[in-house]
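J.: The chain contents come next:
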Amino acid sequence: MITVDLAQKTVRELNQSLHTENNIETHREWRVENTKGGHNIAVGLDADIKVDIHGHAGYFCAGMNKTAKITVHGNAGQGVAENMMSGVVRVKGDASQAAGATAHGGLLVIEGNAGARCGISMKGVDIVVKGDVGHMSCFMGQSGSLVVCGDAGEALGDSLYEVHIYVKGKVKSLGADCIKKDMRDEHVKELQALLDSAGIEEDVTAFTRYGSARELYTFKVDNASAY
Amino acid sequence: MSQENNENLRESATFDRTTMAEIRRAADTGIYDIRGFGAKRKLPHFDDLLFLGASVSRYPLEGYRETCNTRVTLGSRFAKKPIIIDTPVTIAGMSFGALSANAKEALGRGATIAGTSTTTGDGGMTPEERGQSSKLVYQYLPSRYGMNPDDLRKADAIEIVLGQGAKPGGGGMLLGQKITDRVAQMRNLPKGIDQRSACRHPDWTGPDDLAIKIQEIREITDWQVPIYIKVGATRTYYDVKLAVKAGADVIVVDGMQGGTAATQEVFIEHVGIPTLAAIPQAVQALQEMGMHRKVQLIVSGGIRNGADVAKCMALGADAVAIGTAALVALGCNDPKWDDDFKKIGSAAGFYDDYQEGKDPAGISTQDPDLMKRLDPVAAGNRLANYLRVLTLEAQTLARACGKNDLRNLEPEDLVALTVESAAMARVPLAGTNWVPGQGF
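If you read the protein sequences in the order shown, they are chains D and H.
Under the numbering used here, the residue at position 117 of the first sequence is numbered 117, and the numbers go up by one with no gaps.
Under the numbering used here, the residue at position 322 of the second sequence is numbered 322, and the numbers go up by one with no gaps.
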């Protein structure tokens, strides 16, 4: 295991090391210390490596991740795992707003709460949040799944496309074109698989599924009040 | 006697026929007009400026003997690999989806022949475009359609789009009829549904966040390539200062004459400021920060000929970008398709319903049969020819002003024909020393 102490090295040096082929072929496990909320830690990774970040991370931690398994042993700032393509990003604490924004694939697990706009414009990622999510979560979500084991804030799933949303707790309000849907067998199985992948034990029968009513898919003047 | 020849009939300047037609259209449909192209209203523009050629007080350069440099380096502030372009005329961002794959390929081919860059758009990077573009700028847009780190690393520069001149503050909508299987797949959305492009980025707000976002992209690309910031021209002075402070290598300012694939007519005609008015604001901001020529300025919006290019450079730009003009060079609105334009209720030279996907010229369409009408090789050669002409014309004017580099042109080489253009461009009214707003 390679240990990078950010009290001694810069984020630039860390990321360059994580992008350098010789380094990541030789060393599959990395430990990052003394993060002190630094921004852009472990961004743009493209290798089957394991990175453990000890401390809080600032903006865009694990941004555009591919393949790597990144764990933040603390809280994560805005845009954690933004535009992730694959791999697993796990936040042991809370995540700020726009967690998993526009992410195309992979799994994002937040063991605490997530702030506003969690999963905004998500494009295929699976997000599992053990706690609550803030307002406007999954705004314009395109595809993938969002699982919320706690409560969801206002305007959940506003202008939703095809994301599957599962919420165990209360939903303060649904956004435009987001509706409650039946939990069929395939959804129970999907939810169970997501929870299993995230390593979170929950009763899947306690969840409610939400999805798009698909009424705003094509611009119609009759829907003007919804825009 | 026809109405047009009846001298007793007087058309209202306020309620002219175009205005009344729009009122009738609105009353018929109940929905605002959506179209492509850029502002069609008359605006103060580069035609309102003239060059002061050399005479006794200045001496000119020989047109066919003395060189006039057109090569420009973009992105030298932080990037390890800045872009070097042979002509300061670049191709602006236009999306695959709004444009056909053949059109995107043709833009890449033409730009490459001319030694300049082309730019992706909303929807991501296509292999045709990357393959044919020796210098490709990858747009980082609010929708993040097709955004991925592999393409980010394939790019020669990255342009973070905060707005465009046709619709500063607005997003976009690609209507369902243009969403083919391929377009849908690239954007992770079902085929045939309208695709909204957001008006602001999903994971940051404000200039302080922008600085962190720029740093993230630099980290992902290991500080190799330049990062541009593109803004629609509105509060240009402040926007440029904030973008420079956030760490941009290059600023792109798009005036309100800049084109779009589709937005509301009311947006195109009523939001933003003319390109002419935006350039001096941008240059002032750069100069006050000591960053003029260190952070390069690219200007777009209504550039049509070498005179426009030279005037932009004289006002302080390092390069320009063309969109609408490049499409016209490919064949957009070509009179040879006039019969087909008429069948869809338009006419060659007037067609602007790019969003409908029925372009007879095969450019703003995803219809397989219409797309075949555009030969990407021939169209690319046409664009290359046009870019050569722009460059030669700009050089002609620069030499006449005694300049051996397009970037040596300066505001002192210009005068204005109208009070409005003099005030906006901050150059004297022709025949006077008067710059409106700056006293006598």
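Just so you know, these hints were derived from the structure itself, not from any lab.
The beta-carbon is built from N, C-alpha and C at its ideal position, and this holds for glycine as well.
A few of these clues could be false.
[Said to hold, decoys possible] Short, incomplete list of chain H residues facing chain D, as computed with Cβ under 8 Å: (1) Asn148; (2) Asp151; (3) Met173; (4) Gly176; (5) Met186; (6) Asn188; (7) Lys191; (8) Ala198; (9) Pro202; (10) Trp204; (11) Glu219; (12) Met289; (13) Met291.
[What the hints assert, rightly or not] Derived DSSO-like pairs (lysine-lysine); straight-line CA-CA distance at most 27 Å: (14) Lys40/H - Lys245/H; (15) Lys170/D - Lys92/D; (16) Lys154/H - Lys294/H; (17) Lys154/H - Lys80/H; (18) Lys40/H - Lys66/D; (19) Lys9/D - Lys80/H; (20) Lys80/H - Lys245/H; (21) Lys80/H - Lys42/H; (22) Lys9/D - Lys81/H; (23) Lys69/D - Lys154/H; (24) Lys343/H - Lys66/D; (25) Lys191/H - Lys180/D; (26) Lys191/H - Lys181/D; (27) Lys191/H - Lys358/H; (28) Lys294/H - Lys50/D; (29) Lys9/D - Lys245/H; (30) Lys92/D - Lys181/D.
J.: State for each hint whether it applies.
T.: Hints, one by one, checked against the model:
1. The criterion of a C-beta within 8 Å of any C-beta in chain D is met by asparagine 148/H, whose closest approach is roughly 6 Å, and the hint holds.
2. For the restraint placing aspartate 151/H at the interface with chain D, the shortest Cβ-Cβ distance is roughly 11 Å, beyond the 8 Å limit, so the hint is violated.
3. Residue-level restraint check for methionine 173/H holds (minimum Cβ-Cβ distance to chain D is 7 Å; threshold 8 Å).
4. Hint on glycine 176/H holds. Least Cβ distance to chain D is approximately 6 Å, under the 8 Å limit.
5. Because the beta carbon of methionine 186/H sits about 11 Å from the nearest beta carbon in chain D, more than 8 Å, this interface hint is broken.
6. The interface hint given for asparagine 188/H holds, since its Cβ lies 4 Å from the closest Cβ of chain D, which is under the 8 Å cut-off.
7. Residue-level restraint check for lysine 191/H is violated (minimum Cβ-Cβ distance to chain D is 11 Å; threshold 8 Å).
8. This hint holds: alanine 198/H has a C-beta 7 Å from the nearest C-beta of chain D, less than the 8 Å allowed.
9. Given hint, proline 202/H at the interface with chain D, holds; its Cβ is 4 Å from that chain's nearest Cβ, closer than 8 Å.
10. Because the smallest distance between the Cβ of tryptophan 204/H and any Cβ of chain D comes to about 7 Å, under 8 Å, the interface hint for this residue holds.
11. Among the interface hints, the one on glutamate 219/H holds; its C-beta lies about 5 Å from the nearest C-beta in chain D, closer than the 8 Å criterion.
12. Using the Cβ-Cβ criterion of 8 Å, the hint placing methionine 289/H at the interface with chain D is not satisfied: the shortest such distance is roughly 23 Å.
13. The interface hint given for methionine 291/H is broken, as the beta carbon of that residue sits about 23 Å from the closest beta carbon of chain D, more than 8 Å.
14. Between lysine 40/H and lysine 245/H, the direct Cα distance comes to roughly 34 Å. Violation of the 27 Å bound is thereby established for this hinted pair.
15. Restraint check for lysine 170/D and lysine 92/D: the C-alpha separation of about 23 Å stays at or below 27 Å, so the hint holds.
16. For the proposed pair lysine 154/H and lysine 294/H, the alpha carbon gap of about 25 Å is at most 27 Å, so the pair holds.
17. Distance hint between lysine 154/H and lysine 80/H is fulfilled; the C-alpha atoms sit about 15 Å from each other, no more than 27 Å.
18. This hinted pair does not check out: lysine 40/H and lysine 66/D have alpha carbons roughly 45 Å apart, beyond 27 Å.
19. For a cut-off of 27 Å, the pair hint linking lysine 9/D to lysine 80/H stands: about 21 Å separates their Cα positions.
20. Among the hinted pairs, lysine 80/H with lysine 245/H is consistent with the structure: their alpha-carbon atoms are about 19 Å apart, no more than 27 Å.
21. Distance restraint check for lysine 80/H and lysine 42/H: the Cα-Cα separation of roughly 43 Å exceeds the 27 Å cut-off, and the hinted pair is therefore not satisfied.
22. Note on lysine 9/D and lysine 81/H: the hinted pairing holds, with a Cα-Cα distance of about 24 Å set against a maximum of 27 Å.
23. Proposed proximity of lysine 69/D and lysine 154/H is supported: the alpha carbons are some 24 Å apart, at most 27 Å.
24. The suggested pairing of lysine 343/H with lysine 66/D is violated, with an alpha-carbon distance near 49 Å, which exceeds 27 Å.
25. Our distance criterion of 27 Å between C-alpha atoms is met by lysine 191/H and lysine 180/D, whose separation comes to about 24 Å.
26. About 23 Å separates the Cα atoms of lysine 191/H and lysine 181/D, which keeps this hinted pair within 27 Å; it holds.
27. Simply put, lysine 191/H and lysine 358/H have alpha-carbon atoms about 18 Å apart, close enough for the 27 Å limit, and the pair holds.
28. At most 27 Å may separate the alpha-carbon atoms for a hinted pair to count; lysine 294/H and lysine 50/D exceed this at roughly 40 Å.
29. Distance restraint check for lysine 9/D and lysine 245/H: the Cα-Cα separation of roughly 25 Å lies within the 27 Å cut-off, and the hinted pair is therefore satisfied.
30. About 30 Å separates the Cα atoms of lysine 92/D and lysine 181/D, which puts this hinted pair outside 27 Å; it is violated.
Hint check: violations occur at hints 2, 5, 7, 12, 13, 14, 18, 21, 24, 28 and 30; the rest are consistent with the structure.
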